[in-house]
Amino acid sequence: GENVEQHPSTLSVQEGDSAVIKCTYSDSASNYFPWYKQELGKRPQLIIDIRSNVGEKKDQRIAVTLNKTAKHFSLHITETQPEDSAVYFCAAHQTGKLIFGQGTTLQVKP
Amino acid sequence: GAVVSQHPSRVICKSGTSVKIECRSLDFQATTMFWYRQFPKQSLMLMATSNEGSKATYEQGVEKDKFLINHASLTLSTLTVTSAHPEDSSFYICSMTSAGGVGHEQFFGPGTRLTVL
Numbered sequence: 031g032e033n034v035e036q037h038p039s040t041l042s043v044q045e046g047d048s049a050v051i052k053c054t055y056s057d058s059a060s061n062y063f064p065w066y067k068q069e070l071g072k073r074p075q076l077i078i079d080i081r082s083n084v085g086e087k088k089d090q091r092i093a094v095t096l097n098k099t100a101k102h103f104s105l106h107i108t109e110t111q112p113e114d115s116a117v118y119f120c121a122a123h124q125t126g127k128l129i130f131g132q133g134t135t136l137q138v139k140p
Numbered sequence: 102g103a104v105v106s107q108h109p110s111r112v113i114c115k116s117g118t119s120v121k122i123e124c125r126s127l128d129f130q131a132t133t134m135f136w137y138r139q140f141p142k143q144s145l146m147l148m149a150t151s152n153e154g155s156k157a158t159y160e161q162g163v164e165k166d167k168f169l170i171n172h173a174s175l176t177l178s179t180l181t182v183t184s185a186h187p188e189d190s191s192f193y194i195c196s197m198t199s200a201g202g203v204g205h206e207q208f209f210g211p212g213t214r215l216t217v218l
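In order, the protein sequence lines correspond to chains L and G. Taking our numbering, the leading residue of the first sequence gets 31, the next gets one more, and so forth. Taking our numbering, the leading residue of the second sequence gets 102, the next gets one more, and so forth.
For reference, chain L alone in the conformation it holds in the complex (with noise of 0.2 Å):
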C-alpha cells in the first residue's frame, strides 16, 4: 500500500520568511495530493491540492510543486505570518482513500 513520508516534523522560521515542508509517496498511482492546516483540537483544513496532471499550483502565498518521477510533493509558504503557525500534513490518494503524511509543526516567530 501507499506510505507517505514528511520532513521535517518541526520547522521554526521567523516571521516573513518562506517554509517548505516536503512529502514523498511510494505508489506511482497515487493521483491527487491534498495539504491540510490543523490547529490544536480542530479539523483539518485543506488549504491547497494537486492533481497528477499538473506540476505545480499556487494560491496567494502557499504553493505546491509535484514531482511524479521522483514522487515527491512540497508545500511553500511565503511571507509567512504568526497565524500561519499549525500543524500540517499532507496526503497522498491511493485506491480510494488518503495516507497521511506523519504532519509538521511549525512555527512562525514574530
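Treat the hints loosely; a few may be bogus.
[Claimed, not checked] If you want the ones that stay clear, here's a sample from chain L, every Cβ over 10 Å from chain G, calculated:
1. P38
2. S42
3. T54
4. D57
5. K101
[Said to hold, decoys possible] Simulated pairs of lysine to aspartate or glutamate, EDC-like, Cα-Cα distance not exceeding 20 Å:
6. K127(L) to E160(G)
7. K72(L) to D189(G)
8. K52(L) to D114(L)
9. K121(G) to E164(G)
10. K142(G) to D114(L)
11. K87(L) to E206(G)
No lab work stands behind these hints: they were computed from the structure. Note that the Cβ used here is the ideal one computed from N, Cα and C, for glycine as well.
Assemble chain G onto chain L, guided by the hints.
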C-alpha cells in the same frame, strides 16, 4: 457548502461502556465516508471506509467488532466504540466525499474527543 457536523464534540465515559459518535453531511450527499483516529501529536490514521448500504472496509489492525460503523444514509454515518478502554481515548474525526464534488476532496467533521476513564 460541504459542511460536515459531528456529535458529540467531547465525551467522557467509564471503561467498559460503549460510545456512539454521529457524523452528518448538512448540505450534500456523501458517496463515501471515512473514520479516522488521531492520538496526541500524531497523524490521522484511517480506521475504516464505508459506502451507503454496504459494510465498512476496515484498515489492517482495526477491530471491526470493537469499532462498529453504520452508514445509515447518504448523509449519516455512526461510529460506536464498544467496551471502551483507556487506550481508546483519542480524537475521532469523520470525513466524506461529495457525490457532486470534484475529484477526491474529503470534507472533515470537527472531531470528537473521547476520554475513557
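How the hints compare with the structure:
1. Its beta-carbon lying about 14 Å from the closest one in chain G, P38(L) satisfies the requirement of being farther than 10 Å from that chain.
2. For S42(L), the non-interface assignment is confirmed: its Cβ lies about 16 Å from the closest Cβ of chain G, beyond the 10 Å cut-off.
3. Look at T54(L): its CB is around 15 Å from the nearest CB on chain G, clear of 10 Å, so calling it non-interface holds up.
4. In this structure D57(L) is separated from chain G by more than 10 Å, as the shortest Cβ-Cβ distance comes to about 14 Å.
5. Distance check on K101(L): its Cβ is at least 18 Å (rounded) from any Cβ of chain G, clearing the 10 Å threshold; non-interface status holds.
6. Of the supplied pair hints, the one linking K127(L) and E160(G) holds, its CA atoms being roughly 11 Å apart against a limit of 20 Å.
7. Of the supplied pair hints, the one linking K72(L) and D189(G) holds, its CA atoms being roughly 19 Å apart against a limit of 20 Å.
8. For the hint pairing K52(L) with D114(L), the CA-to-CA distance comes to about 17 Å; that is within 20 Å, so the pair holds.
9. In summary, the hint linking K121(G) to E164(G) is supported, as the alpha carbons are separated by about 16 Å, within the 20 Å threshold.
10. Straight-line distance between C-alpha atoms of K142(G) and D114(L) comes to about 18 Å, which keeps the hinted pair within the 20 Å bound.
11. For the hint pairing K87(L) with E206(G), the CA-to-CA distance comes to about 16 Å; that is within 20 Å, so the pair holds.
Against the hints set out earlier in the document, no violation occurs for any number.
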